[in-house]
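Heads up: the sequence lines are chains A and B, in that order. Mapping to the numbering used here: the first sequence position 170 is 170, numbers consecutive. Mapping to the numbering used here: the second sequence position 253 is 253, numbers consecutive.
Bear in mind the hints are in silico, worked out from the structure with no lab data behind them. The structure presented is a predicted model; accordingly, all values stated were derived computationally and were not measured. Ideal Cβ placement from N, Cα and C applies to all residues, glycine included. There could be a bad hint or two in this list.
Stated by the list, open to error - Taking beta-carbon pairs under 8 Å as the criterion, some of the chain B residues facing chain A (in silico):
1) Ile75
2) Ala77
3) Thr147
4) Pro323
To be verified - FRET-style restraints, in silico, Cβ to Cβ:
5) B:Thr293 / A:Gly113: 47 to 57 Å
6) B:Asn250 / A:Asp77: 33 to 43 Å
7) B:Pro104 / A:Arg178: 58 to 68 Å
8) B:Ser66 / A:Ala175: 20 to 30 Å
9) A:Ser28 / B:Leu136: 52 to 62 Å
10) A:Phe90 / B:Ala24: 43 to 53 Å
11) B:Tyr127 / A:Ala175: 46 to 56 Å
12) A:Asp77 / B:Ala341: 39 to 49 Å
13) A:Arg178 / B:Leu136: 35 to 45 Å
14) B:Thr180 / A:Gly113: 24 to 34 Å
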Amino acid sequence: MLRRSLILVAALAAVLAPAAAAKSHAASFPVTIHAANGDVVVTSRPTRIVSLSPTGTEDLFAVRAGSQVVAVDNDSDYPKSAPHTSLSGFTPNVEAIAGYKPDLVVVSNDIGGVVASLQKLGIAVLLEPAADNLAQAYDEIRQLGGATGHTPQARKVVAGMERALTKLLRSVPKAQRRQTVYHELDPTYYSATSATFIGRLYKLFGFKNIADAADATHTGYPQLSAEYIVSSSPDIVVLADSVCCGQSAASVAARPGWGSIAAVKHHRVIAVNDSIASRWGPRIVDFARAIAAVARKR
Amino acid sequence: MATVSAETAVRARGISRPWRLLAAALLAGALLVGLGVGPVGIGVTGIVESALSHLPFLHVHSPLGSVQEAVLWQIRAPRVVLAAIVGGMLAIAGSSYQGVFHNPLADPYLLGVAAGSGLGATLAIAYGHVGTSGALLPVAAFVGGLTAVAAAYVLGRSAGSVRAAGALVLAGLTVTLFFTAVQTFVQQQHTNTLRDVYSWLLGGFSTATWKDVAVAAPYIGVSSLVILLHRRVLDVLSVGDEEASSLGVNVARLRLLIVLAATAGTAAAVAVSGLIAFVGIIVPHTIRLLVSTSYRAVVPLSLVVGAAFLVLTDVLARTVVSPGELPIGVVTAFFGAPFFAVVLRTSRSMR
C-alpha cells in the first residue's frame, strides 16, 4: 500500500515538477484569504472542497478548481458536472457537511452559526455573501481562486468578465441608454432597485429603474403595484421568474391591462433564467448579453 | 330557565333600520375610496364618467386615456371587487363558526382551512409546477382546505361527543399543526420554489383579475346564501345543543351543513387571495358590540361590513408605501391584533 502510494506520488511529481517550476504559484500554500468572515488561513491546496453556495460553485468551476470539489449543495445546479448532493445551504447540517471530510467549505450565508461550528472542527470556511456590486463579485472569484491554488485562472476569469461587460455596455448606442426598466422577481411584482446587485447592472447600462421610486422602506426589493407598473409603462421588462413561476413575454402580454405597456407593445419583454439573474458569478455576463440585446433592439 | 333564554335569543331582533343604512353607506363609501385611490391619480368625476361610458345607449364619452382606463377597469376594479367578496366571506364564515362552535374566538382558520389550503397550494407549486398564477392552484387550495376540515371533523367526532364543540376546536388545531409541519417540510425540500409559496401565503390582491373574481364568486355566493338562510338556526344553536335539540333542531346535520358552507367559501377566498387573518374575528365582534348579539343581525352585517373592511384594508396596503405594496395579511394583523385586544377587554368588562 505504502509502496503503491509512493510510486503514485513519484509519478505525479515527475509530471507536475516542470509545471510547478514554470508557475511558482503552485507552491504558494499556506495562503491567507480575506473573506467576509475575516482572515482565513488555508494551509495546503484543498482537495476536498464542499460548496454550499450556488454562486460559489459556479466560481470554483470557473477558476478550474472543479476537480477539487467533492460536494455541492442541492441548489447548485450549474455546472451540470458539479457533484450534486442533498446538502442544504439554507438549513446547513454541520455533521452532514463534516461527513464529506472537507478541507475547505464555501458558504454564502452563515446560517445557524455554521461557520463557527465548522471552524471548531478545524475546517477552513470561506463566507462569500451575496455581492452588492461587481467589484465585490470579482473579489469573491479572486478569493476562491487564491484559496484553491488557481490565482492566475481567477485573474483571467475576472479580466474576461470585465472585458465582456465593457464590450456589451458599449454595444448599446447612447440614444438607447435612457430606457426605463422593470425587473420582475415574482408574479406578485416584487422588483429590485438600483441599490441591488442586479439593479446596479441596469444602472451601468444607463437605464432608469421604475422600482427606485417605490422603495419607501429601502429594502432594495419592493413590491410594486400593477397600476404603478402599467402607468410607468417601462421600455424594457425583464422576467426573472421564468423558471420558478412560468412567466414569459406571452403571459405578461396576457395580463389584464398590461397591453398598453411600451415593452409589451414593442416586444421588449425578455425572460431570463431566474438563477442567473439572482447569482453574482461569471454567468452574469450571459445576463448582461441578453439585456444588451433587448436594449439595442429598435 | 334554559327554555326561556332560548326563546329570548330566538326572538332577539334583527337589524334596525339605521344600522342597515349605515352598513350600506359604509360599503358604498369603501368601494368608492377603493376605486378612487391608487398610484395613478384618477378623479371621482373621471371614474363616474368612465363608468357611464361603458353603459350602452348613454353616449357618455370617457375622459380617461387608454392607460387610465386599463388601470381603472382591468387592475383596480377587480382588485376592489375581489377584496369585497373575500372580506365578506371571511367575516360571515367567522360569525358562523363562532355560532356553531359556541366559541367567540373561532374563525375560518380554526378548523385548519387555511393550513389545508396552504398545503394544497404548496404541493401544487412544488410537485405540480403550476406557479402562483396557474389555474390549478385554486383547485389545489380548495381540495386541501376541505381535506383539512374533513380530517378535523372526523378527528373531533372520534375524540369526543359531537356536541362537545371543544373537541372539534382541538381537532382543528391538531390538523393545523400537522398540515403546517408537512408544509414546512415540503418547502424545505423545494427551496427553489420557496419564494413563490411565501408570496402566495402572505396573501393579497396585488395580482387580482376579473378571472379571480369569476373563480371565487360562485362558491362565495352559494356559501353566503346558505349561511344567510340559516341565521335563525345559528341563534338557536348558540343557546346550547341540548336546548336546540329540545326545540326540534337537528343539531348535528345543521352544524355540518353550516360548517361545510363556511369552509367551501373560505377555501375559495383563500385560493384567490392567500392567507388573510383576523377578518373573521374583528368584524363579527364589532357588530356584536355595537348592534346586536343575535345572528339575525351578525350574519348579514358581517357580510357587508367584512366587505367594506377588507376593501379599506387593501387601500391601506397599496397606499402606505405607494407605489410599493404591503402584504395585506400584514396590514390586517397590524390593525387586527390591537383591535382584538380591545374587543376582548370591552367584552370582559361588559360581562
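| request: Hint says 33 to 43 Å; check whether the CB-CB distance for asparagine 250 of chain B and aspartate 77 of chain A agrees. | output: Distance hint for asparagine 250 of chain B, aspartate 77 of chain A is violated at roughly 58 Å.
| That 46 to 56 Å hint for tyrosine 127 of chain B and alanine 175 of chain A (C-beta), does it hold up? | holds, 48 Å
| query | Holds or violated: is the Cβ of proline 323 of chain B closer than 8 Å to a Cβ in chain A? | reply | Holds: closest Cβ of chain A sits about 4 Å from proline 323 of chain B, inside 8 Å.
| field | CB-CB spacing for alanine 341 of chain B and aspartate 77 of chain A relative to the 39 to 49 Å hint | value | Holds - the Cβ-Cβ distance for aspartate 77 of chain A and alanine 341 of chain B, about 47 Å, lies within 39 to 49 Å.
| query | Should the interface hint for threonine 147 of chain B be scored as holding, given a Cβ-Cβ cut-off of 8 Å against chain A? | reply | violated, 25 Å
| request: Given the hint of 35 to 45 Å, check if arginine 178 of chain A and leucine 136 of chain B actually sit that far apart at their C-beta atoms. | output: holds, 42 Å
| Satisfaction of the hinted span 52 to 62 Å by the C-beta atoms belonging to serine 28 of chain A and leucine 136 of chain B | This hint holds: roughly 56 Å between Cβ atoms.
| query | So the hint says 43 to 53 Å: do the beta-carbon atoms of phenylalanine 90 of chain A and alanine 24 of chain B match that? | reply | Once the Cβ atoms are compared, 50 Å apart, the range 43 to 53 Å for alanine 24 of chain B and phenylalanine 90 of chain A holds.
| Beta-carbon spacing of threonine 180 of chain B to glycine 113 of chain A - inside the hinted bounds 24 to 34 Å or not | This hint holds: roughly 26 Å between Cβ atoms.
| message | Verify the CB-CB distance for threonine 293 of chain B and glycine 113 of chain A against the hinted window 47 to 57 Å. | response | Holds, at about 53 Å.
| said: Please check whether serine 66 of chain B and alanine 175 of chain A have a Cβ separation lying inside 20 to 30 Å. | reply: holds, 27 Å
| query | If you take the shortest Cβ to Cβ gap from isoleucine 75 of chain B to chain A, is it below 8 Å? | reply | Holds - the Cβ of isoleucine 75 of chain B comes within 8 Å of chain A, reaching about 5 Å at its closest.
In this structure, the hints that do not hold are numbers 2, 3, 6, in rising order.
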